[in-house]
Structure formats: structure tokens, C-alpha cells
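Participant: Here are the chains, one letter per residue:
Number of protein chains: 4
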Amino acid sequence: MAHYTHEIRVTWGDCDPARIVYTARIPGFALDAIDGFWEDLLGGGAGFFANEIDRGFGTPFVHLDLDFRAPLTPRHRLICTVDVLRLGETSITFRVTGSQDGVLCWEGTFVCVFTKPPEIAKAAPPAEVRAAVEAVLGRG
Amino acid sequence: MAHYTHEIRVTWGDCDPARIVYTARIPGFALDAIDGFWEDLLGGGAGFFANEIDRGFGTPFVHLDLDFRAPLTPRHRLICTVDVLRLGETSITFRVTGSQDGVLCWEGTFVCVFTKPPEIAKAAPPAEVRAAVEAVLGRG
Amino acid sequence: MAHYTHEIRVTWGDCDPARIVYTARIPGFALDAIDGFWEDLLGGGAGFFANEIDRGFGTPFVHLDLDFRAPLTPRHRLICTVDVLRLGETSITFRVTGSQDGVLCWEGTFVCVFTKPPEIAKAAPPAEVRAAVEAVLGRG
Amino acid sequence: MAHYTHEIRVTWGDCDPARIVYTARIPGFALDAIDGFWEDLLGGGAGFFANEIDRGFGTPFVHLDLDFRAPLTPRHRLICTVDVLRLGETSITFRVTGSQDGVLCWEGTFVCVFTKPPEIAKAAPPAEVRAAVEAVLGRG
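Residue numbers (this note's numbering), protein chains in the order written: chain A, 1 to 140; chain B, 1001 to 1140; chain C, 2001 to 2140; chain D, 3001 to 3140.
It cannot be assumed that every hint is accurate.
[Unchecked claim] Some chain B residues flagged as far from chain D (calculated, every beta-carbon gap over 10 angstroms):
#1 D1016
#2 P1060
#3 H1076
#4 I1092
#5 V1103
#6 L1104
#7 P1126
#8 A1127
[Said to hold, decoys possible] With a cut-off of at most 20 angstroms between alpha-carbon atoms, the simulated EDC-like pairs for lysine to aspartate or glutamate come out as follows:
#9 K1116(B) with D1067(B)
#10 K122(A) with E89(A)
#11 K2122(C) with D1067(B)
#12 K1116(B) with E1089(B)
#13 K1122(B) with D2083(C)
#14 K116(A) with E128(A)
#15 K3116(D) with E3128(D)
#16 K3116(D) with E3089(D)
#17 K3122(D) with D3101(D)
#18 K122(A) with D3067(D)
#19 K3122(D) with D67(A)
#20 K1116(B) with E1128(B)
[As the list claims (entries may be wrong)] Which stretches of chain A does chain C cover? Using the computed rule of at least three CB atoms under 8 angstroms from a CB of chain C, they are:
#21 5–15
#22 19–33
Derived by calculation from the structure, the hints in this document are not laboratory data. Heads up, the beta-carbon is just placed ideally off N, CA and C, and yes, glycines get one too.
If we strip away everything but chain A, and leave its shape as in the complex, we get:
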């Protein structure tokens, strides 16, 4: 069951001369969906931006992989789902999918580490952030 659903308006400018969305735009869609997950989970607006500036934690990406199943076009909204696969001491792993008109277009895995900016070393997230993620995972 998806914890969070995120809608994106795909446009002409996202497409390449093959008349489908350019591959390199898709990781950005997935990251926007994860950004929306944080905004939805923690409230207060602004996702990654609020995490870094207001809440004092960062989540830089250390890995991503994507499988592309069907082309994207501007003809339908892109519906992304975001699930937390795993919460570690200093990391978090997401499963993100994108569908249009009921067809799965891409799916992927994204691994982030928690940091305490401006430090770039791994660090445990704030307790309330951990608690909020655990609640979503059903073990809060």
C-alpha cells in the first residue's frame, strides 16, 4: 500500500524529439515525489527545503536505480507513489513508481543517508523525524 501519492503535470518541455519524456527528466520526477513525501509527512510545507533549513537534517542520495517500463508523454498526469522500504540508523530507502493512465511507466529504488548540515557525515535523524517515519512503517 502506497504511503504517499504525488501528481506531476508532464509538459512539452519535458519531451525530446522522439516525442516522449527525455529519460534524464525522470529521476527529477521521482525526487519531486520524495520531496512531496517529506512535505506530507512532516507538514509545514517545502519538503527537502524545510528539512534542511528549518529542521536541521539533510538526506543526500547515495544510490538510485530506475527501470523504464513504458514511455511518458504529456497526455496524462504522472501519478507517483512513494513507499519507505527500509529505515536504518542513518539511512532511508524509498520505492518510487510512476504511472500514466493506469500504466506503470517506471519504478525505482532510492537510498538516502541522513546528515546534519552543514556536516556531510552520516548522522541519525532528529527523533521526531524518525518517529514520523516509523509511524508510516507501522512500527511507531
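Go by the hints and put chains B, C and D onto chain A.
Facilitator: Positioned in the frame of chain A, the structure of chains B, C and D alone reads:
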């Protein structure tokens, strides 16, 4: 009175190290708003994409200007307004603005010519497109 | 006479389904050329990034305008020229052009104000920055 | 041994408020490097664009994965390497890396299928394209 209002979710990835939206993203926001105007006006989804592929007309830009009044951040949705300033025989001019939290952040003028792809010469738009724009302008 | 020339490799991903560069990419090319101007003028690498972080001044944009003369494609490198049109007490105005294969594709004017980050109010630039720009203008 | 090396100028606009390159820009750098590989291999300029429009073959991506080892900044040029890992009947797999100042920043695998546009089904590439890739692989 704005003919069309378009909402955009500004994200972390739109911002630069000054912690505000990078200037070069803003023309893309304005073009997405114009894309939305066409989708709203003509129906059928997909804006510029449907215009080019389904309706047989293009609207390449020949001019744009933008004045930046206040910084953009991810803390609020960006609300764009799109008005048709002028409809010529083979051109159309838009006024587009962007506001956050009630503050005007930028405003600009965008001039497009009509074409009949794959030709790149100026050409009158389809009659039903002209009629739809004229209706918005109140002289249909 | 152009003070600075900047080469950009235009790619497939910059193009839209009309098989030419998407309009909203072009302001980014112009800003990259201005970024290169600063890097070339002040040395030390990194343009806007070094200005903000190492040299303590920012140059947010308050205006830009662009006229599009011919389509851009990936078939040729984009050659940009950057000239300083005017240096004010707290502002700088650039003329930037882009050509491919000897054909002028776009030209525009870009106005920036100087700031002293993290403040966002206008502020005079560092004396050595002013001196370097004046030297380019031939009145150093 | 890398078959192809590709240099990219990283800029201010590629960076996010954490003052490092935004993760979602990096797949685009890798794809630009692969675009450069094709341009270098087949000549004639324009990479993916020439492949699609002049040579009649496409290479849509079906998979990508990336591991991020160190942050990217605008302080150094990004040096990408592109190697062909495997050439199948209707697919090609690349290994792409990105380094700055001698430090490996990211590395990844990219799988494309060959198509014959406007068809989107897999199709063998043109014989001369296969021959050129095989020559790079040392089994031409």
C-alpha cells in the same frame, strides 16, 4: 482580469545555493503556465504537445522579457496568471505573472508566432483556435 | 567587440518534439555564459559559485529579455558572446548573444544587482570586482 | 580502459541550497556523456539527435543505476568516462563514471535498447553502427 491561473509546486531542486529559485528556471515556469493556458482553452489535454501533434499548429517564441520583483522559494505554491495581450494574424502575445503568498515575484511578456509544422514559416492558426482565443479576448 | 566568448554543447535533451531547442533552455545558456564571464574575469574557477561563497558578492537578476532569431539544434556548438553594457553603483547590465554555424540565433539583455549575501539588499560590489569590470570596459 | 572521455562544465545553476550539485542533474550529465560517445564514435556531430534523425535508429533507456560517491561542485570540471559493457542483438549497456579533481564522484550502469523510429519495438541497429561499436569492443 486573468484569463487563466496556473499553480506550480516549486521544489528544492529549483533552488540554487543562494536558497532561492535559480533565475533560469523561471522562464520554464512561465512557459508551463502558457502550456496550461492552451490546455485549458482547447481541451483534450497536453497543451503545446496536443497543439503540435493533434491540432497541427505550433507557437514558437520570438521574444520574451521578464522582470524579477521578489525571490521565489519552495515555501509557497507559485500562482501564475496568463492573459492574452494581443492576437495578430500570425502572432499572439501573452502577459504572464507569478506570485507567492500574495506577493508578485515576476512578470513578463511573451510573443509567439503561429506556424504549421513541420514548416517553420509564420502561418495563420486554425480557424477554431483563432475563434477560441478571440472568445477569451471578448471579441469572438 | 565581445569581451568574452563561451561555447556550449547543445544536446538531444535540450530539444523538444519540434526538434529544436526548447525555448526555456535558452535563458540557462545565457546565464551559463555570464557565469563563464565571471570565471574568466576573476579567475579561480566556479563563476557565480565562487563569487557568492569565496568573494562575498551575489548578482541576482532583476531583468532579462531575449529575442529569438533562428532555431537552435544539436548540430553545431552554440557560441555565446558576453559584453558588459553598463556598470552602475550597484548594478551591471550584460548583452549576451548566441550563434550557431555563424548564424545569430538569439540575443538579449540581462540586468543584475550586486548584493552582499546573505543580505538581499543592493550593495556596492567589492572594490577589486569593480576594478576588474572597469578594466574590461576600458575605463579602469 | 575508457573508450571515451567527456568533459562537462558544472555550474551554479546545477547546485541546490546544500551547495552541491542536485542529485537529479547527474543522470543528465551521464546521458550527455553517452550522447558524446555516439558523436565521437559515428562522427557527423549531434549524437542522439543525428542517430534518430539522420541514421534512423534510437536508443531509449530501459534501465539506469547510479551510486554517488562524493559531492559534485562547480569548482572543477566533471570528467566522465563511457565504456560499452555489453552489446546485445538489440541492446547496449554502458558503464559511465564522473570524477572531479581526480576523485570518483559517481558511477553507474545504463541499458538501452535499439529501435527503428518511429517504431518503438526493439530492432537490430544498422550494420555500420554495430560494426563501429564492435570495433570499440575489440571484436570488430
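Participant: Out of the numbered hints, which ones does the structure contradict?
Facilitator: 1, 9, 13 and 17
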